[in-house]
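Start from the sequences and build out the full structure, keeping to the hints where you can.
Just so you know, the protein sequences line up as chains A and B, in that order.
Quick note: the first sequence uses the working numbering, first residue 126, plus one each step.
Quick note: the second sequence uses the working numbering, first residue 4, plus one each step.
No incorrect hints appear here.
Among the chain A residues that face chain B by a calculated CB cut under 8 Å, a handful are:
(1) Thr155
(2) Ser156
(3) Tyr175
(4) Asn183
(5) Gly197
Just a sample of chain B residues kept apart from chain A, beta carbon distances all over 10 Å, derived:
(6) Glu21
(7) Ile156
(8) Phe293
Hints in this document: simulated from the structure, not taken from any laboratory.
Just so you know, even glycine gets a beta-carbon here, dropped at the ideal spot from N, CA and C.
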Amino acid sequence: MNVENAKAQMRKGVLEYCILLILSNNDAYTSDIIKQLKEAKMIVVEGTLYPLLTRLKNAKLLSYRWEESTQGPPRKYYALTEEGRTFLGEMDASWNALVGAVELIHKTNLTPEQ
Amino acid sequence: MKKTVTINISGQMFFIDEDAYKCLQSYLTKIEATFRNQESGDEIITDIESRIAEIFNERIKRETGVVSINLVHDVIATMGEPEQFEEGEGHEQTEYTKPDAIIYPKSRKRFFRDIDKRVLGGVCAGIANYFNIDVLLVRIIALLLVPFTSGAIILIYAVLWIALPPARTTAQKLEMRGENITINNIEKTIRDEYDEVKRNFDKFKDSSTYKKGENFFQKFGRRDKTTLIIIAVIIGAALFLQMPHFNGLIQAPGAMFASLSYHVVPTFNHIFFPGALTFVLILLVIGLIFKTVFKIILYIIAFLLLGSLALKVVFWLFGGFLLMC
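Here it is in structure tokens:
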């Protein structure tokens, strides 16, 4: 089991959650989503995102519309659907629970030794 | 100096260097092969293409306006190879088959006619591919067999030409060579072919055969080709029936063995029933009338011819001339 692989597995689990989070405030163009995820070092290659967006859209968590752009062809703008919002709410709760759980385990196991 | 081609990615036109074009094309082929069979695969491919167009627009060289090979490399590095996408392939691991393992987990060699390397029908090239030997060797042996078998090999060749399927698709070509059908292999083959075709075409374009050839091929469709072969076979067979013993090359070494000279290689008409050729002709006609059994009949014909050939060899080795005399 190598470290890179383990890290990738971790990122993979929360990538969808992150996409929904990015879209929770305002709608975004694919490149904006990519930019944010790259800045946060959540994805390594851009290609990862496209199958994921399409899958989320097929699951009706996301919707998109075409918007004219000042430069180049129309762009795809993604937005959260109502279903997506509910889904995000559940993910939020479970993420907080997860963070809490990891923190707790951290504390009980690491502090006595230090 | 570099040649430039024009491409259209998601509705936008770009000038792109030829080497960069090849690189981009093979990348997009790989992407397509990965996503084509997935749900909403077309959409994913379109999205990726429009993103590539967008990056091109952002980063294209202002002065020249041409997409260079470096830019394509950068784009591929940013987008990532299809194998790297997997990282984000989240929850439903089961529905995603790794592209390397598509359909044929084991590669099996199959007999195909190699129409890329053909002289006549590509049968020899196909045999060479199957046994992994040099095609020149097979052709020489085949030519030598013509006098040795009194021409029976020509009939066998024709039968094989009709019965063996040609290797048309890339998958078939890989199967013919016994290579695994993976995306990498397909990509490699396509690239090789592209180079080869381009080279050949450049050479061929200038020659005078180009225009003649164009007319020639337009005249004959695929169906006509089959008909022509059958006619050729029948005419050939008729000629053989008229022909006296054809000893050809055998006569020379045969003469060295003194009395062995004449009846060394009897034509199979004499030793196989009233004549194998008659049977073959009758069977061919039956096969052409009842198309459904055509393949079976071809096998029977091949068997007949091989049988008579084998008999002839036996006779030749064990003093067939005694029986003939």
